[in-house]
Amino acid sequence: MKTKWSLRVLAMGVVLAVAALAWNAPVGAQGGGTISGEVKISGTPPPPKTIAVNKDVEVCGKEKKLVDVAVGPGNGLGDAVVSVTDAKGAKPSKKASLDQKGCEFHPDVLIMAPGELDILNSDGVLHNIHTFSTVNPPFNKAQPKFKKVMTEKLDKPEVVKVQCDAHSWMHGWIVVTENPAALTDDKGTFKLENVPPGKHKVEVWHPVLGKQAKDVEVKAGQEVKVSFELAAKK
Amino acid sequence: MAQPRGKFLQAVLVVVVAYLIFRYAIQPPMPFSVLSLYLFITVVAVLLYVSSDSDSWRAFLGPLWRTLAAPDRHVFRLVLGVAIPVLIGYYAYSQAAAPVEAPVELRAVHPAPPDTITFRGKEIHLQDPATPVRKDIAQNPANAAKHLAAGGATYIRNCMYCHGDNLDGHGHFAFAFNPQPADFAGPNTIAQLSEGYVFWRIAKGGPGLPRESTPWNSAMPSWEERLTEEQIWEVIYYLYETTGHPPRVMTEGHAARSTPTPRGPRASWLAEALTGLGPGAVLAQPAGDLALGKRVYDSHCALCHGADGKGDGPAAELLLPKPRDFTAGKFKIRTTVQLPSDQDLFNVITAGMPGTSMPAWKVLPERDRTALVAYVKTFGPAFKDAKIEAAKIPSEVKSSAASIKRGQEMFEAIECNKCHGQKGRGDPAPGSDLKDDWGNPIRPANLTKPWTFRGGPTPRDVATRLSTGLLGSPMPTFLDSVEKPEDIWHLANYVRSLGPDSPMWASILQVVSVTGEVPSDPNAEFWTRRPGANFPLVGQVIADPRNFNPTVDMVTVRAVYTDREVVFHVTWDDPTPSDPSKGAPKPDRVALQFPTDAGTGVRPYFLMGDANGPVYLLTWQAGQGVGEATATGVGKLAPKTAEVAASGQAVYDAGQYRAVIRRPLTPAASSDFAFRPGEFFPVAFWAWDGSEGDDGPKASVSTWYYARLEPPASKRKFVVPPVAALLAGVVEVGLARWARRRRPDGDENRSS
Numbered sequence: 001m002k003t004k005w006s007l008r009v010l011a012m013g014v015v016l017a018v019a020a021l022a023w024n025a026p027v028g029a030q031g032g033g034t035i036s037g038e039v040k041i042s043g044t045p046p047p048p049k050t051i052a053v054n055k056d057v058e059v060c061g062k063e064k065k066l067v068d069v070a071v072g073p074g075n076g077l078g079d080a081v082v083s084v085t086d087a088k089g090a091k092p093s094k095k096a097s098l099d100q101k102g103c104e105f106h107p108d109v110l111i112m113a114p115g116e117l118d119i120l121n122s123d124g125v126l127h128n129i130h131t132f133s134t135v136n137p138p139f140n141k142a143q144p145k146f147k148k149v150m151t152e153k154l155d156k157p158e159v160v161k162v163q164c165d166a167h168s169w170m171h172g173w174i175v176v177t178e179n180p181a182a183l184t185d186d187k188g189t190f191k192l193e194n195v196p197p198g199k200h201k202v203e204v205w206h207p208v209l210g211k212q213a214k215d216v217e218v219k220a221g222q223e224v225k226v227s228f229e230l231a232a233k234k
Numbered sequence: 235m236a237q238p239r240g241k242f243l244q245a246v247l248v249v250v251v252a253y254l255i256f257r258y259a260i261q262p263p264m265p266f267s268v269l270s271l272y273l274f275i276t277v278v279a280v281l282l283y284v285s286s287d288s289d290s291w292r293a294f295l296g297p298l299w300r301t302l303a304a305p306d307r308h309v310f311r312l313v314l315g316v317a318i319p320v321l322i323g324y325y326a327y328s329q330a331a332a333p334v335e336a337p338v339e340l341r342a343v344h345p346a347p348p349d350t351i352t353f354r355g356k357e358i359h360l361q362d363p364a365t366p367v368r369k370d371i372a373q374n375p376a377n378a379a380k381h382l383a384a385g386g387a388t389y390i391r392n393c394m395y396c397h398g399d400n401l402d403g404h405g406h407f408a409f410a411f412n413p414q415p416a417d418f419a420g421p422n423t424i425a426q427l428s429e430g431y432v433f434w435r436i437a438k439g440g441p442g443l444p445r446e447s448t449p450w451n452s453a454m455p456s457w458e459e460r461l462t463e464e465q466i467w468e469v470i471y472y473l474y475e476t477t478g479h480p481p482r483v484m485t486e487g488h489a490a491r492s493t494p495t496p497r498g499p500r501a502s503w504l505a506e507a508l509t510g511l512g513p514g515a516v517l518a519q520p521a522g523d524l525a526l527g528k529r530v531y532d533s534h535c536a537l538c539h540g541a542d543g544k545g546d547g548p549a550a551e552l553l554l555p556k557p558r559d560f561t562a563g564k565f566k567i568r569t570t571v572q573l574p575s576d577q578d579l580f581n582v583i584t585a586g587m588p589g590t591s592m593p594a595w596k597v598l599p600e601r602d603r604t605a606l607v608a609y610v611k612t613f614g615p616a617f618k619d620a621k622i623e624a625a626k627i628p629s630e631v632k633s634s635a636a637s638i639k640r641g642q643e644m645f646e647a648i649e650c651n652k653c654h655g656q657k658g659r660g661d662p663a664p665g666s667d668l669k670d671d672w673g674n675p676i677r678p679a680n681l682t683k684p685w686t687f688r689g690g691p692t693p694r695d696v697a698t699r700l701s702t703g704l705l706g707s708p709m710p711t712f713l714d715s716v717e718k719p720e721d722i723w724h725l726a727n728y729v730r731s732l733g734p735d736s737p738m739w740a741s742i743l744q745v746v747s748v749t750g751e752v753p754s755d756p757n758a759e760f761w762t763r764r765p766g767a768n769f770p771l772v773g774q775v776i777a778d779p780r781n782f783n784p785t786v787d788m789v790t791v792r793a794v795y796t797d798r799e800v801v802f803h804v805t806w807d808d809p810t811p812s813d814p815s816k817g818a819p820k821p822d823r824v825a826l827q828f829p830t831d832a833g834t835g836v837r838p839y840f841l842m843g844d845a846n847g848p849v850y851l852l853t854w855q856a857g858q859g860v861g862e863a864t865a866t867g868v869g870k871l872a873p874k875t876a877e878v879a880a881s882g883q884a885v886y887d888a889g890q891y892r893a894v895i896r897r898p899l900t901p902a903a904s905s906d907f908a909f910r911p912g913e914f915f916p917v918a919f920w921a922w923d924g925s926e927g928d929d930g931p932k933a934s935v936s937t938w939y940y941a942r943l944e945p946p947a948s949k950r951k952f953v954v955p956p957v958a959a960l961l962a963g964v965v966e967v968g969l970a971r972w973a974r975r976r977r978p979d980g981d982e983n984r985s986s
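Which chain is which? The protein sequence lines are B and F, in order. No gaps in the numbering here: position 122 of the first sequence is 122 in this note's numbering, and each next residue is one more. In this note's numbering, each residue's number is its place in the second sequence (first place is 1) plus 234.
Just chain B, with the same shape it has in the complex (with noise of 0.2 Å):
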């Protein structure tokens, strides 16, 4: 799903963006409260699988780590999603993005709101974006070299999973939702900021390991706690 040493800035990129862009803007104007915790691992997660690429490989590299499931330090689990699946998110001040770089989808797991999405090809070789949607209209587009940007629309809340046929180890996931959402870092914790009081139901979506989820009780200007933990498969 990706390397390794691009997580941590990845993972730390994506986090303050979104929050900096999603959350920039109090939902209700009394100010809300934040969730924040950590997701952890249980159980042996599958082993990372390195492939020879034998294709592109001036931009790709000679080769690929598969990271299906990243786990940093204290089994803290990297890449999955939480969010309050009963309550809306702020409208985002900005497009998202999604880059193709080094033949990975930058971030691998991208988490926007409904609307357009600039598709960036920072490789200079032929990629193509290829999307499972279901609710959304499903498109596979070429992306040559000298195309560096396409806009997409992604209207309804789904989460997509995108790949590029040209360089088959090229998986990424588009999560579209409305509502209040954050992605772990590579520690697993996670912060969401700006949640109107109340009782919510707090979930985390990883896309191997699956979802759980909570309920979580938010009062203005406090932080609340929780914590999720995901099984490995076997």
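None of these hints come from the bench; they were simulated from the model. Any given hint could be a false lead.
As the list claims (entries may be wrong) - Derived coverage of chain B by chain F (criterion: at least 3 residues anywhere in the stretch with Cβ under 8 Å from a Cβ of chain F; other residues may be distant):
(1) 87 to 101
(2) 163 to 176
Said to hold, decoys possible - Within a straight-line C-alpha distance of at most 20 Å, the following computed PhoX-like cross-link-like pairs (lysine-lysine) qualify:
(3) B:LYS148 x B:LYS91
(4) B:LYS147 x F:LYS718
(5) B:LYS148 x F:LYS657
(6) F:LYS626 x B:LYS141
(7) B:LYS233 x B:LYS49
(8) B:LYS49 x B:LYS62
(9) B:LYS156 x B:LYS95
(10) B:LYS156 x F:LYS669
(11) F:LYS621 x B:LYS156
(12) B:LYS161 x F:LYS669
(13) B:LYS153 x F:LYS626
(14) F:LYS621 x B:LYS153
(15) B:LYS214 x B:LYS40
(16) B:LYS161 x B:LYS101
(17) F:LYS528 x B:LYS141
(18) F:LYS874 x B:LYS145
(19) F:LYS657 x B:LYS55
(20) B:LYS201 x B:LYS219
(21) B:LYS91 x B:LYS55
(22) B:LYS225 x B:LYS211
(23) F:LYS718 x B:LYS141
(24) B:LYS55 x F:LYS669
(25) B:LYS101 x B:LYS62
(26) F:LYS528 x F:LYS618
None of the values given here were measured: they were computed from a predicted structure. Ideal Cβ placement from N, Cα and C applies to all residues, glycine included.
Guided by the hints, dock chain F onto chain B, whose structure is given.
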């Protein structure tokens, strides 16, 4: 009395009219020999008539005499004097330079069946009026549907490849067979036969045909080894039920004759005629009749696409590409952005998808196809309240050298080669793991074979596929991803320039006589300048492991011989080289197959012969090179270990193998084939794609073709025509002189 000139004209006119009647008015057309005989009789009759009395004869001859002798006719004489020798010379040339044709084989259509056969050790009486399946249905009518479904499943997994989804002998492998697979829907096969007879033909196949009236050249296998007795009876039940033909019953009484309800295309057509709904009525119901659609779907589509449209019918697991899953709302062949228009669906149903197992359903009445469109759209939620948006295909740019050049630049810029290969031969970059949206492996199109393009071969078809992509497959849309919109057309024109319109399948392999050294380098100009003969290959689907989705679908063969050796040059496309000496698990291979006993007139069974008719093979194998082998059946190949006289080499380049295989004319052993100049001999071709797991019986194969070591290119066609023309001229001059000396009373005839 008629005008003198009139008499001659009349005679000529009668002969011409008689010819036209014999040639065009009588159907079916008569053979040339019969036609010549009739014309000869006509000419004799006319001559008899005009010579019945001397006046008439003179009137008839008048124009001839005048043409030959009259002084005022010398210009006309000169024109004739040149034209007739030229025509004779041309005729002589066309005869001398005519292309070689394979010898004609006549055969009986329906051999006499035996009374009983032994099937897996059990005696079966072919004359029994009721089959076990029909007996069971007579007792439990509820079992009819079960037997019909089981028969259909067996048919679609075993018989459909050759005999076709529509039971008309046009399966997607049928094009490679000669004679063509039997057409069950037509009036000449099962409609004339009893069920027992059909059982015999299925159980024993081509190898079980009687020796008289050979050669049969039947590719029909003996299904006894694969199907149970009940499965065969069920298939037979399915054949008669689906075509609507009643089986013939061999007993005297007609009481036992079963009368199945007619259904299928014939029945629908009949219904259309009876209800007065001609094709015009179709326009009146654009929505399509869902109930009719379901009926047609269940009987014609469900065996592949599944009863619920999930693409999971009994045949699906054997097919590649897989039958479409209609529930997903993803369609490949469209002129639209997302969901296909009704017209798109109608066109795909009508024209089928070349290169796949989806046949052209134009055999169904238009009303049925319209109903199918409506029904297919009900399987998934996608079409509900959907907006169909036409793709904005840029306006057409006609093909030209400049357009093709720009197309090639774009082809490289947008990296079509990543999947389709540098030369478009469908060879993706190594390590590509192309899958469709359902996770099934999928092969990129071989752009040099436009006759296999799923959505059609025209530049507009190609431009449309490039614009819309093929949803559900890795092929993306390029409409917004070229530099300028018209580049779509430049690309389409370039793609179409990569291959010929048609493979022009050969019917015979001519081995040309040459002198001097024949190069072993497959890329030598000696080979590339020679025209190749294309032969179709299909999967071997009879012996296990079967090859339902062959990679190699064609070989191009060039062949020459000298006074010492015969040399074959074989070209075939294979997307991935597979060489065990470089770590691949299975080798790529190719083989040329000859009968061990040529000249007996009986060809061995085309799948490497059998115990009674062994074959001899010249082979090339990656990592091993050229070899020789003998075989007594598919999978019973014995490579020759000692005294291998054959040699040669192969090269692989951008998705294509080229191999040179040479062997001395005279055989080293009695089991080897002897190449004798001037004689027709059978040849068949095999190919294995190692990277697809081809090995042993899992291979691509052709049926038998004829080959001949042609006599040295004689100067005959340059010598005979001038000589013939010269002779004709001399005869003319002689005739004219003789006529002028005779000066009969031709000119005096005017008054008579």
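*What are the numbers of the hints that this structure violates, sorted from low to high?*
1, 3, 5, 10, 17, 18 and 21
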